[in-house]
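*Asks:* Start from the sequences, fold in the hints, and give me the full structure.
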Amino acid sequence: MESINGIMIAIVLFGIGIFALIIRRDLVIKLLALGLIDSSSVLFLVSLNAEGDGIAPILYGPLAANYVDPLPQALVISAIVINFSLLALALVFVMLLVERYHTTDSVRIAHEVEKERQS
Amino acid sequence: MIIVLLPLGHFLLGVLSLLWQRGARRLFPFALLADASLIGTLWVRVAGGTSASIVLGGWGRDLGIELSADRIGLAFSTLALILAIAVTAYLWKERLRPYFYVLLHFLLASVFALVFARDLFNIYVIIELLTLVSFLLVGYERKAQQIWASLNYLILAALGMAMYLFGVGIIYYHTGTLNLTLLAERIIGMHDQMWLITASTLLVVGVSIKAGVFVFSLWLPAAHASASPAVSALLSGLVIKMGVVVLLRLSTVLDISLPLIVMGGLTGVVGAVYAMFTYELKRLLAFSTLSQIGYLLIGIGIGTPLAIAGSISYAVAHGLFKGLLFLAAGQVVHTTGSAFIPQQVARREKIPRATRIALLVGTLAIAGLPPLAGFCAKGLLSAATHSLAIHLLLVFVSLGTVISFSKLVPLLDPWRGGSDEGAKTISYGILALSIIAFLPLSFLFDGRIQVLSSLSLLHAGESIAIIAAGLLAHHVLRRHYTRLPQRIFRLEEAILTILSMFFVTFLLLAFF
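These protein sequence lines are chains S and Y, in that order.
Per my numbering: the first sequence = residues 5 to 123.
Per my numbering: the second sequence = residues 136 to 647.
Treat the hints loosely; a few may be bogus.
To be verified - 16 Å max Cα-Cα, derived EDC-like pairs, lysine to aspartate or glutamate:
#1 Y/Lys278 to S/Glu116
#2 Y/Lys278 to S/Glu120
#3 S/Lys119 to Y/Glu415
#4 Y/Lys542 to Y/Glu415
#5 Y/Lys485 to Y/Asp548
#6 Y/Lys278 to S/Glu103
#7 Y/Lys278 to S/Asp73
Quick caveat, the hints were computed from the structure, so don't treat them as lab data.
Keep in mind the model is a prediction, meaning the values are calculated, not measured.
*Replies:* Below, the structure is given as structure tokens:
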């Protein structure tokens, strides 16, 4: 399986996420798709800079020359935390909307909100 | 030191206000006072020619995070300070939960951090923080409308930032640095490489979703129209500008001037047309924000020092008068009990006099009446454009602005009845004074001679002619009200629009 690598998987995941974000009307599924998109960007960042047979940049035993670059891995930790907090906040918003409208259907919620705005 | 103290101090004060809730409101003015002195010190230092920059962590530029203060960053932090003072004065008598002040502290902290940031990933983290705070601010009153607008904003923003992260990954892989200064050195001569074009597209599209560019920021009208007035003023005056600052920083490194000019023109024209046919006061202001972003992008796209100076001063000027307009509009909506302009005109006796004067000053400034803030910045921008097409575009956008704000004329009459009860005079006064004093203040930002020589009588005449023509056109057009399609503002359509504009941007970068 030489031809399948992290970069390709990341791009495919991104595509699936966008597709689901557009065609699914359920807000919870939309948020799952958003999670998929976020994960794909993390996977992309890590695997782009970790090609070949490099080993994890953790110091154990003697120093080896073929460590992968540790910086992207440090970066994605921040990205993961940020994405986690965004999704958590989005779920709270969805919860408040469901309490109000008793549905997770984005089209119906949009319709109700628009009706309230006009009145 | 000071550069670190500004953002970090606000974060700590935010946490402190969270712990000591009773004192949060009292603490806030003192924090602003401290900001004012720090920003003043930085201004003195930058004007004196000493560089105020620092690399955190002691690793050097290629690994550490660089923070650096320049005139652009300082101009925006001054804008942030003035808006924060005005908003505090506006909200002083209202009983807000201390939580609101915590959010304000975090907002200011991320704004100060962003204007000084010089590192692609640092910018990513701060923008995410800034938008996280603005989601909470939009949904602060927990009305269903606000939460829905906020959720749409969140989904689109998260999509944009994922794209930005892809771009950052590609750039780091090929150049091995995230620092903007180092990046500029390392990509010399590589501007037609496919990876750089892809990365630029990803970065520009990702940031544009936040920056209030019409085709990307379709969440903006709902979010800015539904938020409470003080929050709208901060979002429209400040948070949107932060996206523009990032675009400006990117444009100094990457070769993205053509997509910026195209996007700017599109935003200006479509935003102005939508503003013309909207009769909901706050939504009108939100659309006008979109159209004004067009000016900024065109200025950045042209890229000469004069054009960039024009862009920055327009960004600051727009922050001031749009803040004033949103604050005053909030009170108009509150006192008349209606969100729509015709009903507000019918009940205009109830609007306090100070509010009407504030609306008048804001409207005159946005229309570009000569000595006020709007004219000064527009003059600089139009002095910087040499292409006739772009000049006509700018004139069209100004005309559209005047036409859409002509609807407010019946509201503005300052002599008709009205009490002064509950007027937020101090808040309006701060913003109105800075709008009037903008021209002398802009000497700080740019050399006095350059400013004065580019503002000729010709520009003043042009501005007045545009205002007159706009008022006239409003009287012709007001009988022909059409309802423009609102479908594009729905979430799914917005995502599709973003995707298609992504490919357009890519093609523009790749083939022209």
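*Asks:* Give a verdict on every hint.
*Replies:* Status of each hint after checking the structure:
1. Y/Lys278 to S/Glu116: Given that 16 Å is the threshold and the Cα spacing comes to 13 Å, the pair holds.
2. Y/Lys278 to S/Glu120: With a Cα-Cα distance of about 11 Å, the restraint between lysine 278 of chain Y and glutamate 120 of chain S holds, given a limit of 16 Å.
3. S/Lys119 to Y/Glu415: 15 Å, holds
4. Y/Lys542 to Y/Glu415: 10 Å, holds
5. Y/Lys485 to Y/Asp548: Holds, at about 13 Å.
6. Y/Lys278 to S/Glu103: Within the cut-off at roughly 12 Å; holds.
7. Y/Lys278 to S/Asp73: At roughly 47 Å apart (the allowed maximum being 16 Å), aspartate 73 of chain S and lysine 278 of chain Y break the hint.
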